[in-house]
Amino acid sequence: MAAVDVDGLERWLRLFASSVAEQQDTLTALDAAIGDADHGANMNRGMTAVVDALAATPADDPAALLKQTGMVLVRSVGGASGPLYGTFFLRMAPATGGASALEPEVFAKALRAGVEGVVSRGKAELGDKTMYDALAPAVDALDAALGAGDPLADALRAASAAADQGRDATIPLVARKGRASYLGDRSADHQDPGATSAALLIAAAAAAVAEQGPP
Amino acid sequence: MAAVDVDGLERWLRLFASSVAEQQDTLTALDAAIGDADHGANMNRGMTAVVDALAATPADDPAALLKQTGMVLVRSVGGASGPLYGTFFLRMAPATGGASALEPEVFAKALRAGVEGVVSRGKAELGDKTMYDALAPAVDALDAALGAGDPLADALRAASAAADQGRDATIPLVARKGRASYLGDRSADHQDPGATSAALLIAAAAAAVAEQGPP
Amino acid sequence: MKKLLNDPANLVAESLRGVERAHPELRVDHDQRIIYRADAPVTGKVGLLSGGGSGHEPAHAGFIGPGMLDAVCAGEVFTSPVPDQMAEATKKVDGGAGVLHLVWNYTGDVMNFDMAAELAAAETDTAVEAVVINDDVAVEDSLFTAGRRGTGAAVPVEKIVGAAAEQGRSLTELADLARRVNDNSRSMGMALTSCTVPAKGSPTFDLPENEMEIGIGIHGEPGRRRVPIATAREIAEMLVEPLLADRDFTGGDGVLLFVNGMGATPMLELHLMYAEVAALLDKAGVVPVRSLVGPYVTSLDMAGCSVTLARLDDDLLRLWDAPVATLALRWGM
Amino acid sequence: MKKLLNDPANLVAESLRGVERAHPELRVDHDQRIIYRADAPVTGKVGLLSGGGSGHEPAHAGFIGPGMLDAVCAGEVFTSPVPDQMAEATKKVDGGAGVLHLVWNYTGDVMNFDMAAELAAAETDTAVEAVVINDDVAVEDSLFTAGRRGTGAAVPVEKIVGAAAEQGRSLTELADLARRVNDNSRSMGMALTSCTVPAKGSPTFDLPENEMEIGIGIHGEPGRRRVPIATAREIAEMLVEPLLADRDFTGGDGVLLFVNGMGATPMLELHLMYAEVAALLDKAGVVPVRSLVGPYVTSLDMAGCSVTLARLDDDLLRLWDAPVATLALRWGM
Ligand SMILES: Nc1ncnc2c1ncn2[C@@H]1O[C@H](COP(=O)(O)OP(=O)(O)O)[C@@H](O)[C@H]1O
Ligand SMILES: Nc1ncnc2c1ncn2[C@@H]1O[C@H](COP(=O)(O)OP(=O)(O)O)[C@@H](O)[C@H]1O
Ligand SMILES: [Mg+2]
Ligand SMILES: [Mg+2]
Ligand SMILES: [Mg+2]
Ligand SMILES: [Mg+2]
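Chains as they are written, first to last, in the working numbering: chain A, 1 to 215; chain B, 216 to 430; chain C, 431 to 763; chain D, 764 to 1096.
This is chain A alone, in the form it adopts within the complex (with noise of 0.2 Å):
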């Protein structure tokens, strides 16, 4: 099973930025319902970013890439979005141990500390109704399927099935964070866009890693 460089990275970017593109209406009308109808246009502007840096200023290895990745996101993208994704790439660069290629266990070590960045950074708790509802339940999944001594790819589908569910399983929450709470009760019933972006995010990661195929 190979393992991810630079290459697989960057297909993961562009994979999230063209999904986030292609939902961003999506996003957006999510946030209306019960936040600032604005997430949508905040993950595109920081993608098209992000994927304008990959060209600009290419990265030689992984560490490299993903510092780079937070750094334009948190430069771009403001909102509570813009930290929390930003401080998630930043966090998985130190993650990789400075390796030109993850191996899996690295690359879900890296994704376990960006996922532990969002948490220090915004302070959510699973249930919450946010972002990290839809990553918790991945990453988990994915040590567990590795664990199982299944292969990257296969353990990403399982990963990216989890945040599915994890966003889906936001819609009967009431928000406890970011600005869907001051809603109270009415959050209720609404999915919840970051954790739809989210779900996006991890989804890439798995067609990133399918697209490259065995060794």
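To be clear, the hints were calculated from the coordinates, so they are not data collected in a lab.
Hints may contain errors.
[What the hints assert, rightly or not] Subject to a maximum C-alpha distance of 25 Å in a straight line, what follows is the list of computed SDA-like cross-link-like pairs (lysine to any residue):
id	chain 1	residue 1	chain 2	residue 2
1	D	Lys765	A	Thr26
2	C	Lys713	D	Arg790
3	C	Lys522	C	Glu553
4	A	Lys67	A	Ala21
From a predicted model like this one, the values you see are computed outputs, not experimental measurements.
With chain A's structure known, arrange chains B, C and D with the ligands on it following the hints.
Just chains B, C and D with the ligands now, kept in the frame of chain A:
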């Protein structure tokens, strides 16, 4: 043929007030199309105040009643129609010559004085698309009918028909006075609100005298 | 209709209660609907009186205070006040040096102010002069019509004359000055949406989502023409071109560039419009030396804007810069 | 969508061009979207920095000037600015006495300002403190949530701290003062209509003709509840009751009563609301000693209002009254 006394004038004013109340929305809708959507409210505010004053301070003779009516309109209406309708009644008053009942010719003379007051206040000419376009043919028709020996009731019916025609004739005109003049050519194909209320005024006079019946 | 009110019939009266309570530097005569400086009349100073229909806030009451007006009369929404109000207000601001009526050119306002001046002349020996403000180039200027509307130019006229009145200039001088500022000023406005007059309860005109009105008035009067919706840049051209065609604003003096909001248009958009208009003036060799951006002469909840240019020579510039303390314009004190 | 703009993507950038041209007393760093006093940094004075998403004009840039803020960062419409902007602005206003960040409590703003402070600490030795403004009683205050929104209280906080900064008070004193004014303040808002975010192009929420939202935020967030449309008197009750339930405003000190327009609500209606709110305060034994009425913290083209009460002791009252010269608040200079 009976002369018009204070009771007859009161009947006129009350009839005018009730048709203005009834037509308030129509007058406002006409004014919305080529003005500022307040002619109905203006006229209704004024005529309500006039009727209130009839009860509060009953007048002894036609001149006092007409003067009071003019003052109340000037004080309560504002806009263009306040000074114009106010001046109309204020100028009628002295033209009654202090009579306690106005013979047909005197009533006609007073009406003409009122209409001349409108012109001296507003400087409108025939065809400017204003209330004057309904009032001028009305007093002309009245004089003609009285000159031909018609009784006042018939003559006022003719005046009312002429006022209606004058009102309708405002439709194709391009306004040169009042707020509608700001619209330039776009003022054409709309009926003038002031000509519409003026036609109601003359119709009310005809109805008031007709009710009075033969002596 | 969605408005913060109790009953449309009481809107103006109840709003004046709030003006009185919120602003102790103003006094309100609720009977006559006159708003005036708490220190009126100012002895020896010419009294400055304006007013008009309500619905243009902060005009007119927002322009009362040291360095600007002494009093205004408030009419019903979009309806000129009546002569009694104006005559009474004239007395209230008569500090012995006469009273100047600054009349926005609308048939109703002009006739009512005329009658007020007649009343004042009959009842007192106060010297009264009236100057009519008529700056709106959307309307053709002609002796045979009601003439041009008074709109944005009222702000520089009232501000500049207000400053000059504080200096003790005479009634005649002030009337001349008012005419001069008015002659130096031109305005043109547009609407993205109609306003809704509370007593009517629905929009004065229907404007489809893809259209706008050019050359509107400030009372919900429709404009001179209806055109497809355009970019701010194109709209700026539609407003600036007729201004510059009507009067020369180039040459030695700079101009006040006043981008006015019609009520519901956010400052974010007004500042963008300011940049577009200023860029067009640059091209035309017209130099904005002073700026005003915001909702000053509004039309209830209408979305849209107007542009006013006022040529300011050194004297006018100094008077514009002089201290003023009103609700809407305040600086230097 | 009917707006005066060229392209929603450029709205903020192009609007800042207008801010820069219209107001020479302000400077704009277009790259970083920082608006700052032309005379920044003021040596020896603590620099005051705030900011947030655009679409709340005149907040935030309208509060820059002597006696109030030194700079603000402008984000996209309803989107917090980013740490780089704030870090750069911190440098721009650092006059040697430290910089105070006045942060409106929204998750995004708080996190971005946090990261900015981290950046500033890493790059410079400027002393930075941050105070979070959270006054909106529509939201329950809890350790486990994002907490209360920062809304109208920002006006008294920024004004009062601004005045104190001009007096030369220290960074710690100013941070304490900001917290004190914030603790003394409560707000509650309502909407008659939704706003339309330009990039989305349609209203954030649909509100039928006979309904309104109570307890809204300033970013088009729907409110806590949707209720049938009511009179201004009833609306005043719905806003005042939760304010008075949340904090005691009776007793020796008076309050600032601030009736804020959400953007599309005319002053005519805001003054009427002021009268209604003041009448309720009278009944409750709360004494308004200062007033502010107008659109200061807006939500684009939303119709509606909010009410802020801020308790002012003698010290705070003096600081509120001190001279200020910004686009939105100006007196005494
Ligand atoms: N404290 C938090 N921790 C984790 N995620 C959060 C937190 N606050 C908000 N979010 C996520 O951010 C999303 C909203 O992002 P976005 O709309 O871009 O920012 P904003 O709320 O500032 O407009 C929410 O749907 C939620 O998933
Ligand atoms: N100069 C004038 N002479 C005669 N009638 C006029 C003149 N100007 C306006 N009017 C009449 O006044 C009517 C409008 O009255 P109204 O709507 O009450 O006042 P305003 O135009 O001030 O809102 C017009 O329809 C017209 O008939
Ligand atoms: Mg959002
Ligand atoms: Mg009218
Ligand atoms: Mg009118
Ligand atoms: Mg946002």
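Hint check results:
1. D:Lys765 <-> A:Thr26: holds, 22 Å
2. C:Lys713 <-> D:Arg790: holds, 23 Å
3. C:Lys522 <-> C:Glu553: holds, 14 Å
4. A:Lys67 <-> A:Ala21: Given pair Lys67 (chain A), Ala21 (chain A) holds - Cα atoms ~22 Å apart, limit 25 Å.
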